[in-house]
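Here is what each chain is made of, one letter per residue.
Number of protein chains: 2
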Amino acid sequence: MTETMTLNELIRILNDNEAAELSEYIEEVNAVDIAQLLPELEDEQVWKLCSLLEVENLAKVLEQAEDEQAVRMAESITNDELIEVFSYMQKDDIADLIGEIPDAQRKLLIKQMQVGDRNQVTTLLQYPEDSAGGIMTTAYISLPETMSVAEGMAKIKQTANKTEVIETIYVTNARHQLTGTCNLRQILTAPKNTTLKDIMNENVISVHPEDDQEAVAKLVSRYDLNAIPVINNRKSILGIITVDDVIDVIVEEYNEDILEMAGVSKEESLTTSLVDSIRLRLPWLLINLATAFLASLTVKMFEGTIEQVVALSSTMTIVSGMGGNAGTQTQSILVRQLAQDDISRAKYWKAFWKEILLGIINGGVCGAVTGIIVYMIYGNSFLGIIILIAMIGNLVVAGVSGFAVPVALKKFGADPAVSSSIFVTTATDVLGFFIFLGLAKLFLPLLM
Amino acid sequence: MTETMTLNELIRILNDNEAAELSEYIEEVNAVDIAQLLPELEDEQVWKLCSLLEVENLAKVLEQAEDEQAVRMAESITNDELIEVFSYMQKDDIADLIGEIPDAQRKLLIKQMQVGDRNQVTTLLQYPEDSAGGIMTTAYISLPETMSVAEGMAKIKQTANKTEVIETIYVTNARHQLTGTCNLRQILTAPKNTTLKDIMNENVISVHPEDDQEAVAKLVSRYDLNAIPVINNRKSILGIITVDDVIDVIVEEYNEDILEMAGVSKEESLTTSLVDSIRLRLPWLLINLATAFLASLTVKMFEGTIEQVVALSSTMTIVSGMGGNAGTQTQSILVRQLAQDDISRAKYWKAFWKEILLGIINGGVCGAVTGIIVYMIYGNSFLGIIILIAMIGNLVVAGVSGFAVPVALKKFGADPAVSSSIFVTTATDVLGFFIFLGLAKLFLPLLM
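Residue numbers (our numbering), protein chains in the order written: chain G, 1 to 448; chain A, 1 to 448.
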């Protein structure tokens with residue numbers, strides 16, 4: 001039922017100084033629409049936007065903006081205004097923003113904050129951006145286990161508007177350790193004089209602040225949680241991570257994987273500058289150049305053979321190319337399986353033998369088709385038979401390397417999604433040429 | 001703080017008939033751990049598990065199990081038992097399970113259900129699995145807008161345990177149309193005699209049952225929602241989709257994309273049977289074979305040239321291979337950008353020209369390195385110069401095709417993530433060979 005604001009509408013509002021219309025739009029719909037238009041605005045328009053927005057709405061847009069854009073907004077208002085905006089923002093969003101701001105300004109801002117805020121924000125700032133601590137919020141409700149349901153309900157009503165999650169209440173003991181959680185629906189339906197300890201769920205799934213955000217996302221997704229608490233070694237609760245931040249993590253990691261598989265850094269987007277794109281992409285191309293030379297040198301070993309049967313030069317690329325495709329198939333399935341990691345060793349072995357069989361069968365079919373066509377083009381049946389055998393051989397190589405490379409990389413602590421393809425392709429290229437041209441050399445008299 | 005149950009522990013519990021231990025485990029921790037072990041169990045062990053579990057816990061494990069495993073469980077108990085289990089399950093989970101069961105048994109089961117359940121389940125069954133209707137649940141709270149906050153609170157307490165989401169209450173008018181939502185924290189803090197209409201948020205982001213699940217996931221993720229309502233054309237609320245199901249959608253689509261980019265069906269996993277793997281992978285290999293032949297025929301056109309300068313046969317693969325790598329880089333960035341779709345046409349054009357420049361610069365660097373090495377190996381400087389020019393040419397081809405193919409595919413309604421690579425690789429292979437060998441033919445006297 002909602003209409004998203006377009007860039008043109010926003011620019012018109014800014015040009016006409018329609019502060020009222022802008023604030024109405026944010027009240028009614030969502031600050032995220034405006035936050036998403038920020039990259040399209042000129043610096044001057046961003047400045048105009050900040051001056052038209054009321055402080056509370058400015059805070060909403062800032063919370064929704066990408067880091068880079070949030071910094072642009074922060075730079076177009078004064079430090080005093082920014083401090084005022086902070087009073088409407090969640091501490092974790094403040095920490096995220098402040099972490100991106102130049103050192104000197106950051107120190108000034110932290111000095112200007114209230115003591116309580118300052119302590120929370122500096123604590124949040126010490127965790128890496130992609131750790132549980134880096135994505136947690138400190139806006140949660142925790143209550144002592146000795147509290148009655150009635151008292152708890154009163155407390156929840158009081159603090160409801162300052163927290164991110166009210167469906168789960170965190171329960172602590174006298175030593176401030178997290179001992180359980182209560183679901184709000186349990187609190188709503190339980191007799192008023194029961195204590196929280198009586199109704200709480202004692203098995204709490206939690207994480208530590210230094211845990212990787214990807215591990216956090218896996219737990220939240222596996223156990224269908226609305227939020228997950230972050231605790232320290234003394235089991236004190238430090239914060240919670242909410243499900244909307246977990247979705248951001250999943251989407252971010254997804255984009256990273258897709259790009260890194262293709263040798264592109266997660267930092268790059270369509271709007272990255274030319275110089276940065278070169279810096280980010282050229283290294284990967286040069287690494288690939290080294291492996292391309294490996295394949296080229298393999299072919300060079302057989303130049304004498306190719307000189308005598310020139311048809312080999314055009315047909316050899318079919319064998320190596322098909323090996324690359326088959327290898328990518330196996331490798332993708334392995335990478336996905338390793339990311340889930342829920343299969344027994346016996347099943348891995350069974351799957352490994354299946355890949356070899358698959359290489360023989362798929363190689364047999366593709367090789368037979370290729371062999372027949374090659375025979376029809378060049379009129380030499382031996383060339384067809386050699387390409388059949390080489391195709392089977394190279395698709396087995398594809399199955400073995402597509403399987404073994406990701407498993408080995410994971411064992412050595414490397415990310416299989418990122419670096420598998422270069423090894424698998426090298427194997428299928430080099431061995432593809434070697435098997436085909438080697439066979440051709442062996443049976444050279446039959447081919448001439 | 002939670003220990004995940006291992007397969008060996010579960011098997012021990014089943015062998016020793018430890019029903020009590022099993023139910024304690026499910027009470028305290030989570031049915032999902034047991035659901036995830038199901039693929040590792042033999043049929044007999046699944047049967048044993050079902051007989052040991054109390055009906056309520058059986059329902060929990062069933063809700064968490066993958067479709068295939070849920071069917072295995074359903075098959076190992078009687079229809080009467082299954083109907084009893086259903087009374088503890090959400091309607092959407094029942095519909096998902098029933099949708100997977102063989103026709104004859106499904107009809108029997110639906111007949112045995114209570115009228116109310118039957119109507120809801122058959123309604124849910126009519127939506128495709130990957131549509132908003134297919135993933136929605138009917139367990140939500142909707143209240144009339146004329147109701148007071150106090151009455152609303154009483155109603156919420158009454159139904160809290162039967163719904164999936166209590167943080168958002170859906171508000172309807174006299175014609176049963178969805179007119180707004182109330183946040184539970186608003187209801188908790190508002191004066192008791194205010195009506196829901198007074199405090200409700202009128203701008204509801206909603207979807208229609210036939211909407212694609214991926215579009216639903218995008219909305220929930222963009223607006224940080226806990227749940228999104230599904231409405232029909234008369235604006236009546238049909239159900240809601242909760243954030244945990246949205247996470248499942250995102251993870252599922254992610255795995256699909258990764259696999260389909262590599263020419264693997266989303267249906268395939270490491271444990272897929274040999275026959276199914278052949279059926280799923282061979283077609284893609286055969287399509288690739290056709291494009292491999294295109295490249296091969298391009299080389300064949302220049303066999304005369306290669307016969308005279310055999311060094312071309314080993315060096316040509318470097319040019320085509322590097323084009324493929326560079327094309328994959330550009331294509332990945334485009335595919336990601338198109339999935340987000342938040343950039344203006346002007347920025348696209350700017351990025352397009354950048355890709356061409358990038359092709360010239362990266363091609364220049366890689367081509368120079370290659371040219372020098374080739375000169376050192378073969379002692380012919382003209383061969384080095386030709387490979388430099390061809391590399392620049394093919395990396396420009398890579399930039400153009402890596403950019404244009406995904407954009408064109410999206411325009412024609414195809415999924416760029418799935419089918420881009422085959423076109424981009426064909427372009428870089430065919431044109432890579434053509435440019436390099438064409439130049440070599442043109443300057444043949446200099447190379448001999």
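No lab work stands behind these hints, which were simulated from the structure alone. Any given hint might turn out to be false.
For chains that are exact copies, the list does not tell them apart, and a pair is met inside one copy or across any two.
In the SDA-like style, the derived pairs of lysine to any residue whose C-alpha atoms are separated by at most 20 Å in a straight line are [as the list claims (entries may be wrong)]:
#1 300 x 377
#2 192 x 439
#3 48 x 106
#4 441 x 307
#5 347 x 272
For clarity, every value in this text was computed on a predicted model and none was experimentally measured.
> Checked against the structure, which of the hints given earlier come out wrong?
Replying inline: Of the numbered hints, 2 and 3 do not hold.
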